[in-house]
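Asks: Listed below, chain by chain, are the residues.
Protein chains: 2
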Amino acid sequence: MSEQLIKHFARFVEIKEANIPGILSFFQPISLLKKENLLREGSICTSHYFVVKGCLRLFFVNEKGVEQTIQFALENWWLTDYMAFQNQQVSNFYIQAVEKTEVLAISLSAQEQLFLQFPPLEKYFRLIYQRAYAASQLRIKYLYHFSREELYEQFITAYPEFIQRIPQYLLASFLGFTPEYLSELRKKKRS
Amino acid sequence: MSEQLIKHFARFVEIKEANIPGILSFFQPISLLKKENLLREGSICTSHYFVVKGCLRLFFVNEKGVEQTIQFALENWWLTDYMAFQNQQVSNFYIQAVEKTEVLAISLSAQEQLFLQFPPLEKYFRLIYQRAYAASQLRIKYLYHFSREELYEQFITAYPEFIQRIPQYLLASFLGFTPEYLSELRKKKRS
Chain A
887 MSEQLIKHFA
897 RFVEIKEANI
907 PGILSFFQPI
917 SLLKKENLLR
927 EGSICTSHYF
937 VVKGCLRLFF
947 VNEKGVEQTI
957 QFALENWWLT
967 DYMAFQNQQV
977 SNFYIQAVEK
987 TEVLAISLSA
997 QEQLFLQFPP
1007 LEKYFRLIYQ
1017 RAYAASQLRI
1027 KYLYHFSREE
1037 LYEQFITAYP
1047 EFIQRIPQYL
1057 LASFLGFTPE
1067 YLSELRKKKR
1077 S
Chain B
887 MSEQLIKHFA
897 RFVEIKEANI
907 PGILSFFQPI
917 SLLKKENLLR
927 EGSICTSHYF
937 VVKGCLRLFF
947 VNEKGVEQTI
957 QFALENWWLT
967 DYMAFQNQQV
977 SNFYIQAVEK
987 TEVLAISLSA
997 QEQLFLQFPP
1007 LEKYFRLIYQ
1017 RAYAASQLRI
1027 KYLYHFSREE
1037 LYEQFITAYP
1047 EFIQRIPQYL
1057 LASFLGFTPE
1067 YLSELRKKKR
1077 S
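As given, the protein sequences belong to chains A and B, one line each in that order.
Per our numbering, the first sequence runs over residues 887 to 1077.
Per our numbering, the second sequence runs over residues 887 to 1077.
Any given hint could be a false lead.
If chains are identical, the list can't say which one is meant, so a pair holds when it fits in one copy or spans any two.
Derived DSS-like pairs: lysine-lysine, alpha-carbon spacing no greater than 27 Å straight-line [what the hints assert, rightly or not]:
1) Lys1027 / Lys921
2) Lys950 / Lys920
3) Lys893 / Lys986
4) Lys1074 / Lys920
5) Lys920 / Lys939
Simulated from the structure, these hints should not be mistaken for lab results.
Okay, chain A solo, but in the shape it has when bound:
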């Protein structure tokens, strides 16, 4: 399971064979059942998660008790509540497995140690954060710019693999639709 993480590092930076065991010693494997929580609202966000297999979602529960998903993470994606993680504070989010999922977790202090011992991983995370921030800036543009129907179009074009794997009601929540509206939209596209 850890081989995949090393492969992902190696896509961005050079990893010496001899350093692999040392690097991996900073990570903790966690297996989750479908709908199992990795993080709960009100608990300290201690870790940063790399998805080895499966799918996570980040959501909050609004005052009406409705779950609002704002992010998904498939294989090779990183996810956490970044503000709560960097400040080691209580989170306002949940992170839950959409399907049976395996992750590798690293704590903030372990991540800082990792950078000191293996400087190429500082570069790796600089690149990961840089790319995530770039995508996020564009997403904010889309949230301002696109109608809900256009958001759906953009999403299925950019991430076709999600449509196959993510239950309709979660996709609807992510896009800010009711499940009924999403179902109508899909019918319209097929016809």
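For chain A, the structure is supplied; the task is to place chain B on it using the hints.
Replies: This is chain B only, laid out in the frame that chain A set:
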């Protein structure tokens, strides 16, 4: 003007006195008049900008010809169109000076060279991107969660300095209001 950049680096990482001239040689100072463009839609986004003095805004022009501001940057903030910058592509955004502004610009290739020559700056940018991404993730939550009125409340609490400096019509555009609605909201708050 470059002293301020060094001070900002030194808040996050150790900078050796002897390295300062070498570090600064990667940056280009640019002075902008109020409303002068630093980046235009349709041009390649070559640089990353550090605001030394003044204020920048990032906006796009929608199909109705209306400018939609999605981000501001005051002193000590970094700004660019991150997706276009990292891919060295044509931008869909404008970056414009809200007031008389001084920035330091660095190109993508210079930034990569800077990291190779001065590794502590790799860490600095990892931290800058990490914090920016954390703030951006929270902002996406707010865009899903808050009514426009709540967004305004949240914004003036988090960034009181903006309210003083940024023209009302730009603030309205950023918050997705008409200027008239913002003016009504402000009257309501005062009464």
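Asks: All hints, please: hold or fail.
Replies: Here's how the hints hold up against the structure:
no. : hint             : in the structure
1   : Lys1027 / Lys921 : between (31 Å within a copy, 21 Å between copies)
2   : Lys950 / Lys920  : within (24 Å within a copy, 45 Å between copies)
3   : Lys893 / Lys986  : within (22 Å within a copy, 47 Å between copies)
4   : Lys1074 / Lys920 : neither (31 Å within a copy, 48 Å between copies)
5   : Lys920 / Lys939  : within (12 Å within a copy, 51 Å between copies)
In the structure shown, a violation is registered for the earlier hint numbered 4 alone.
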